[in-house]
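Peer 1: Sequence:
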Amino acid sequence: RQISYWDASDLSQIRIVSGSDKGAINKLSITSDGSKFVSCSEDRMVKLWHYDEGVVHSIGLAHSGNITSCRISPDDKRIVTVGDEGAICIWKMPDNENNENMILID
Numbered sequence: 001r002q003i004s005y006w007d008a009s010d011l012s013q014i015r016i017v018s019g020s021d022k023g024a025i026n027k028l029s030i031t032s033d034g035s036k037f038v039s040c041s042e043d044r045m046v047k048l049w050h051y052d053e054g055v056v057h058s059i060g061l062a063h064s065g066n067i068t069s070c071r072i073s074p075d076d077k078r079i080v081t082v083g084d085e086g087a088i089c090i091w092k093m094p095d096n097e098n099n100e101n102m103i104l105i106d
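Under the working numbering, the residue at position 25 of the sequence shown is numbered 25, and the numbers go up by one with no gaps.
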């Protein structure tokens, strides 16, 4: 339920953030420039995070069950999530940093 940041040089833990209050985090995916990452979990939420700040930027709600996988597209414009209910959701990557909800495309 927590996301830990680790220093690659000395393997020390740098930061711990709460990723989910209700279930395990199943996957993470990071943008090509390393500035943001997305998490998906058993709480049916996909969350977009600021990597350096460790805070949630946006939340997406569309799945009716556990989200088993998430991936950011190579061009960093879309997020794809897969749920154990069989749904595949494609989200538009938010353009600004106003804590807006993610927009479901398909």
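Check each hint, because a few of them may be wrong.
When the alpha-carbon atoms are kept at most 27 Å apart in a straight line, the in silico DSS-like pairs for lysine-lysine are as follows [claimed, not checked]:
(1) K22 - K92
(2) K77 - K92
(3) K27 - K77
(4) K27 - K92
Now the in silico label distances, taken between C-beta atoms and shown as ranges [stated by the list, open to error]:
(5) H50 - I105: 40 to 48 Å
(6) L104 - Y51: 35 to 43 Å
(7) D33 - D7: 17 to 25 Å
(8) E85 - R15: 16 to 24 Å
(9) T68 - K92: 17 to 25 Å
(10) S9 - S64: 20 to 28 Å
(11) L11 - A87: 35 to 43 Å
Derived by calculation from the structure, the hints in this document are not laboratory data.
Cβ atoms here follow ideal geometry from the backbone N, Cα and C, with glycine treated the same way.
Peer 1: Next, verify each hint and record whether it holds.
Peer 2: Cross-check of the supplied hints:
1. K22 - K92: Holds, at roughly 25 Å.
2. K77 - K92: holds (6 Å)
3. K27 - K77: holds (18 Å)
4. K27 - K92: holds (18 Å)
5. H50 - I105: 40 to 48 Å: Violated - the Cβ-Cβ distance for H50 and I105, about 22 Å, lies outside 40 to 48 Å.
6. L104 - Y51: 35 to 43 Å: Violated: the Cβ-Cβ distance is about 23 Å, outside 35 to 43 Å.
7. D33 - D7: 17 to 25 Å: holds (20 Å)
8. E85 - R15: 16 to 24 Å: violated (32 Å)
9. T68 - K92: 17 to 25 Å: holds (21 Å)
10. S9 - S64: 20 to 28 Å: violated (42 Å)
11. L11 - A87: 35 to 43 Å: holds (38 Å)
In summary, the numbered hints that this structure violates are 5, 6, 8 and 10.
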